[in-house]
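Chains as they are written, first to last, in full-length UniProt numbering: chain D, 1 to 394; chain X, 1 to 394.
Quick caveat, the hints were computed from the structure, so don't treat them as lab data.
Note that CB positions come from ideal geometry on N, CA and C, so glycine has one too.
Possibly wrong hints are sitting among the right ones.
[Stated by the list, open to error] Quick list of simulated restraints, FRET-style, between CB atoms:
no.	chain 1	residue 1	chain 2	residue 2	range
1	X	Arg394	D	Arg331	29 to 35 Å
2	D	Gly206	X	Ser33	53 to 59 Å
3	D	Glu257	X	Asp99	42 to 48 Å
4	D	Pro386	X	Gln4	47 to 53 Å
There are 2 protein chains.
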Amino acid sequence: MLAQLPPALQNLQLPLRLRLWDGHEFNLGPEPSVTIVVKDPQLVTQFTHPSLDLLGTAFVEGKLEMEGSIGEVIRVCDELSQALVDDDEGDQPIRTVHDKDTDAAAISYHYDLSNEFYQLWLDQDMAYSCAYFQTGTETLEQAQHAKFEHLCRKLRLQAGDYLLDVGCGWGGLARYAAREYGARVFGITLSKEQLKLARERVKAEGLEHLVELQLLDYRDLPQDGRFDKVVSVGMFEHVGHANLQVYCEKLFGAVREGGLVMNHGITAKHTDGRPVGRGAGDFIERYVFPHGELPHMAMMSARISEAGFEVVDVESLRLHYAKTLDFWSKRLEANLEKAAAMVPDQALRIWRLYLAGCSYAFAQGWINIHQILSVKTYSDGSHGLPWTREDLYR
Amino acid sequence: MLAQLPPALQNLQLPLRLRLWDGHEFNLGPEPSVTIVVKDPQLVTQFTHPSLDLLGTAFVEGKLEMEGSIGEVIRVCDELSQALVDDDEGDQPIRTVHDKDTDAAAISYHYDLSNEFYQLWLDQDMAYSCAYFQTGTETLEQAQHAKFEHLCRKLRLQAGDYLLDVGCGWGGLARYAAREYGARVFGITLSKEQLKLARERVKAEGLEHLVELQLLDYRDLPQDGRFDKVVSVGMFEHVGHANLQVYCEKLFGAVREGGLVMNHGITAKHTDGRPVGRGAGDFIERYVFPHGELPHMAMMSARISEAGFEVVDVESLRLHYAKTLDFWSKRLEANLEKAAAMVPDQALRIWRLYLAGCSYAFAQGWINIHQILSVKTYSDGSHGLPWTREDLYR
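With the rest of the complex left out, here is chain D:
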């Protein structure tokens, strides 16, 4: 039995209750909004040093339980961690070799989890990336629709354009571009589950004459400049810093002169890409996005430029992603019983923390998201873009 709190915890004023395996409770401050139930006695000694990775891992492994709203759990755990963990500890960048096999395995780990699970909390089109809230009061469905529209407008998409969608997910954007703009779309993914459902949806909507989807690695993209435009949403995070150059070169080879390329993805706070957040990066690497590596927007812009593109428009949508993830997290929390029937308990624990945690991380500014629009400028220096961005907002 533990007679008292470890000294490190005694002087904290946090709305947090610790409940031990034997029923003993300690309040770290008045009116606790969150209870951490410590089920494994060995954990207590580690509580002098509660990184977000430590707390998250213990939760995933069932060594502790969290009571309270998941958003509040994340917030209070961050305060706990902030009080006791050196900001620079942990969160060293984990650089792994990325090749076709490791990338395929990493993508499968996350995206092949369960289509019905993702359907439970994503919007109807299953857009699994930052939505676009024009006023902040939209529904998730409206905001994902607006995201598709914003991307198509930035690409100045026109009927007959041949659009490459790199990392097409469940095909929501591909179908939108075909249906609303009359574009021909070639979409690629490394997730078999995504591909299966995405193809079904293309067929159900009668868009097979416009939308072709394939299981294909970006390194195998045709290099004959056949595409008029390229869109890549939530994909470059998986490429790895060392491969970003090849990735950008493959896009350059795939698109014609004058073609616009949109890279929309999560970006690091630090210019060298090292994670922020007292161990949260380690948790994400281990359980959520193995081999994920976030580039800073400057690093991504540099690689894009070095491949030969000209960067013409960059927009941060950081708080849009905080809001998007908050929608997803709340939907999942409202459907935990259904979710538990769809995925293993450990996966559910991981996704609960990850969705609420990343919403928090975007809101705090630990991570960012940038839409980076670039153009493969003609050899005479022209690019065919309008003088201003006003057309995006008509």
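Could you slot chain X onto chain D? The hints should help.
Just chain X now, kept in the frame of chain D:
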């Protein structure tokens, strides 16, 4: 007497005539639009290797003359250079130590040349930076006015805001922000001539209660976060790569939390900042902007981020600057006699080449210009910006 062209020139098909000191003429192709008059026999041997720096320097030194419109002269000289000069020759970055003395001298060299000379070809407000053409059909005056407005909108400028204008030039933007938005403005420059005329104009408009202008180095800016917003137009090009970090830190120290910072400036094509253009960079360094160093937009974004800012919006205005410089060049060309009475012959030759040449360089994509908007995000991760950029286009 030269009996025939050097072999290297014999097989070129260019609309170019060479006229020698003795009256002999050689056409490099049918219907020449440009004539280069070679006045110095020693130049001919160098014509096997006519970098833009060589041609420009010879023109500045009076060793050759150019006949034809200045824009066509630039174009044909580039084609000549392109045919005979290795693209990688010359144009090594010239990195010099930047301190307060060297910066003051470099700024004085360019900007203290002659106020009346600049008035001859700039717009009425003497905005000496890229204008903003909303449709491409505007006059220079309209487009410079639109540039002021675009910058103020991006900064979400409000009445009472305390705006720092770093590199305020002749004060056009400072007066616009005060007059149209009711902002208080503190503008700094290192050019005594600019300051003198800028202050006269503030006084003439009765804006002394709102606009204060000082001769001040950016390293001496107050570091107490007193400013609500910062605008820096055409200034970071003079800072030098090695000092960009200090420059960004000084802006960070000068602005309050939640404050927006606009860096609008010329950017390099290559990510390491090395110049493009067969010697044109050397010419600019020697005669036009001594100690100027263009950062790539990724380099600039990295330095801005490392100082603590969040990059929220980037826009390339490359073709706007090509058009702006074309306006300036045409105005100067139409007033060469007046100009000759204002500045030494050598300066006039330099500015003629520089204005037409930089218009060409922007049009070709050798250099770019980016407006990089960043924010000193609050510690809770908020930044107070609207959800979208739609307000810029109302």
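Hints, verified against the model:
A hinted range of 29 to 35 Å for the beta carbons of arginine 394 of chain X and arginine 331 of chain D is consistent with their spacing of about 34 Å. Here the CB-CB span from glycine 206 of chain D to serine 33 of chain X is close to 57 Å, well matched to the stated 53 to 59 Å. Distance hint check: the CB atoms of glutamate 257 of chain D and aspartate 99 of chain X are about 44 Å apart, consistent with the given range 42 to 48 Å. With their beta carbons about 50 Å apart, proline 386 of chain D and glutamine 4 of chain X fall inside the hinted range of 47 to 53 Å.
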